[in-house]
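Novice: Work the whole structure out from these sequences, hints included.
Residue numbers (my numbering): 35 to 147.
Derived by calculation from the structure, the hints in this document are not laboratory data. Hints are not guaranteed to be accurate.
Cut-off 30 Å, straight-line C-alpha distance, at most; resulting in silico cross-link-like pairs (DSSO-like, lysine-lysine) [unchecked claim]:
| hint | residue 1 | residue 2 |
| --- | --- | --- |
| 1 | 61 | 99 |
| 2 | 70 | 99 |
| 3 | 123 | 61 |
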Amino acid sequence: MAAGERRAAEAEPPPVCALCARPLGAKVEWHHPVPKAEGGTATVPVHPICHRAIHAALTNAQLAKEGGNMVALAAHPALAAFLRWVADKPPDFHAPTRRAKTRGVPNPPSPLT
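Specialist: Rendered as structure tokens:
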């Protein structure tokens with residue numbers, strides 16, 4: 035493998051979304067699990083709709099508190115409901131994302147109870 039091909043192969047994103055674990059589509063966004071404003075530098079690949087859901091549900095302070103733990107993010111009530119809904123959607127699925135009314139609330143009541 036030529037050096038250029040090797041770099042291209044290394045630069046390709048992993049095949050699944052860090053939040054929902056569905057295969058990635060043509061569009062990939064890179065999420066900072068710990069926000070840049072809080073000193074985070076690492077990124078993980080996510081679907082655009084998953085990225086918007088994360089930021090609609092949680093503040094940067096909450097994201098920093100989780101410290102990049104994507105399992106803990108997925109357990110957040112607003113994101114858990116989103117993940118159940120998006121599970122059977124195709125990789126490039128997109129829909130408008132609304133900011134949660136309870137954004138920033140540590141443990142908002144589950145919309146499913």
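Novice: Taking 30 Å as the top limit, are the C-alpha atoms of residue 61 and residue 99 close enough?
Specialist: holds, 28 Å
Novice: Hey, residue 70 versus residue 99, does the alpha-carbon distance stay inside 30 Å?
Specialist: Roughly 13 Å separates the two Cα atoms, so the pair holds.
Novice: Decide if the proposed pair is consistent with the structure: residue 123 and residue 61, CA atoms, cutoff 30 Å inclusive.
Specialist: holds, 15 Å
Checked against the numbered hints given earlier, this structure breaks none of them.
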